[in-house]
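Asks: Residue strings, one per chain:
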Amino acid sequence: MRLLTIATSLAALIAASPLAAQTLNVASAGDQNMVDYVKDYLAPMFEKAHPGVKVVAVGTGPGDSGSQKIYEKLNAQKGASATDFDVVVIHQKAAGQMVKEGLLDKYTGNVDTAKLATGDAAKNALGTDVSGYVIPMFQSQTALAYNADMVKTPPATFAELADWAKKNPKQFGYNGIKGGMSGVAFVAGWVYAFGGDADKLMKGPYDAATKANWDKAFADLKAFNANATITPGNAGTLDMLNRGEIAIGPVWVDMFYSWKADGKLPPNMKLKLVSPGMPGQPMYYSIPEKSAQKKLAEAFIALATSPQVQADGIVKKFNWYPGIDAKNLEGKLDKADWDKLFTDVTPAELASNGKPFPIAPYFNDILEGYEKKVAN
Amino acid sequence: MSQRQLALLLIAPGLALVAALFLYPLSFSLISAFTGPQGGVSLDSFRKAWELYSRDMLFTVVIVLASCLFTGLAAIIIAGTLTLGENRWIVGTLKALYRWPLFIPFIVAAQCMRTFLAKNGLMNNSFVAMGLMEPLQAVSFLDWRGIIATFVWKQTPFVALLLAGALAAIDRATLEAGRNLGASRLRVLVELALPQVMPQLLVALVLSFVTMLSVLSVPMMVAGSQPTMLTVDMAFRINAYGDYATANALGVITYLLSAGAAIIYLKRGMAGKEVAP
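If you read the sequences in order, they're chains A and B.
Residue numbering for the first sequence follows the working numbering, beginning at 1 and increasing consecutively.
Residue numbering for the second sequence follows the working numbering, beginning at 1 and increasing consecutively.
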């Protein structure tokens, strides 16, 4: 009899608990650090402020492919009453496509912090107007990392880098275009430098004939690759820099500083943002059109984009540039924490040499041109 | 219900599973590979696949064939030692050790090789510490050589297992006769034992060929991306462009490559039936 009582009360408990608890599903594209950020930092804070809510974080993998997986899931659930995800963290290329196909909710009017992000990245994703649909989570930038013991005067331009690589065979390493975005950024930077009209690639309008002008740039890149080391992935480049196997390589600034803080890179590693520039990109917070928890999702994003969280979480803990305008972080951050982001890459360099990726159709043309003319 | 109907009923769930999970996606990918951007039958995806990845196709075939060759050699050495070895200590140790890589997934093997084969990795550092090599002589094996090393390390136990079984099953009398007439152990292995187990060796290598053709993690993690294997290209086509047509065309090319191996396998199977009593 007692067994029966216990069993019934257990059953009642199990049946009742889903009614009391609400679950907010957050899907992040990007590397493990993105999932950790939501799981270990944002989720506990949000759960404390909203009793009874449970935040579940899932990662869909690094690079644009992670966003592509989120896109495919939302696209497949178009006809369903609700999607599995309530908040998505996505790259620019996928954000533009999702807005065009009506997969995202125009939510930023309901979130006060949206007003704090006025930069171009909040409105324009590789040529697509996304205003209203996204708030930048952070901004990141690629730059060349170099070993100051092996390279006394780092190259300042792409042309100097090409010369340097010729004189120091196999000492420059990058991950091609299939192993992560830092390699893609390097290739885009190369086309900006040697392909002619870089401004048009970033701002449009798209003209399919443009890619014919890149033949020389790609042929030079093929010759350059003969003297370069192809590394396995973003982390692979940092690994090889760490072991002294290469002396220079393109990396994400945030990963670089995090690895350095963890002692996974020697202290003699420095960054250089060469001219005419290398691309960077934000990650976006968005809410799927069919999310079942829109109010909760908006509250979550409002917390994540508040100046305090941007200062403590994004800048201090994860070494990203903030997603909202930097002036809103004044007073929330020690000078030392802020300056840490600008030790090697000065704010002036970032302003002049920090570029966006090319607009989506040119982006695809560059990747495919690389596969056809450089890799094959 | 007749015996025959009952049998059909029993295999029906299995057949349905094969149809739903294998035949349906297979035909789907075949159709997509031969469909043009505007619909209709077209070879556009194959043209694109060739234009972008012809070098990778050659690379894939060379890597997999080379790996099969080295796997076969290593397996013959191990299985030969196990069957014909006379030093009990060596045979015992080998027996205990050689199956281990069978239990390690490709992705773990790839991760281990990444730190083992690197320029300043475990292997080179050990050589330097033992005084066999100067630090400046160290070279990284994280390229095509790394892929082959990982494949061979991972597949050798499988081939050796099948081969050792086959060798153990052949009539010892012929081998002993050879030994009695003064043939060396190597000669007994190459001229007497191996010809008798050739079918089994070939089957094991064909199965390894197909397995290695399908691995994504090893080329992705061990080597850089130029050139790379077709699996990586397929993943990239889908992830970077959402372009399923070209990825499926690459898939069809992979089917054709493995079909070549499957034909050898089936022919061997038929030949085996004919000689069976």
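Among the clues, some could well be false.
Derived Cβ-Cβ restraints for the label pairs, each shown as a range [stated by the list, open to error]: (1) A:S352 <-> B:T211: 29 to 39 Å; (2) A:D36 <-> B:R268: 48 to 58 Å; (3) A:A226 <-> B:S54: 17 to 27 Å.
PhoX-like, lysine-lysine: derived pairs with alpha carbons at most 20 Å apart [unchecked claim]: (4) A:K372 <-> B:K48; (5) A:K332 <-> A:K316; (6) A:K106 <-> A:K295; (7) A:K260 <-> A:K78; (8) A:K317 <-> A:K290; (9) B:K48 <-> A:K170; (10) A:K335 <-> A:K316; (11) A:K54 <-> A:K69; (12) A:K222 <-> A:K166; (13) B:K48 <-> A:K264; (14) A:K373 <-> B:K48; (15) A:K166 <-> A:K216; (16) A:K270 <-> A:K260; (17) B:K48 <-> A:K211; (18) A:K317 <-> A:K260.
Hints in this document: simulated from the structure, not taken from any laboratory.
For every residue, glycine included, the Cβ atom is placed at its ideal position computed from N, Cα and C.
Asks: Okay, which hints does this one fail, numbers in order?
Replies: Numbers 1, 7, 8, 9, 11 and 13 - these are the hints that the structure violates, sorted from lowest upward.
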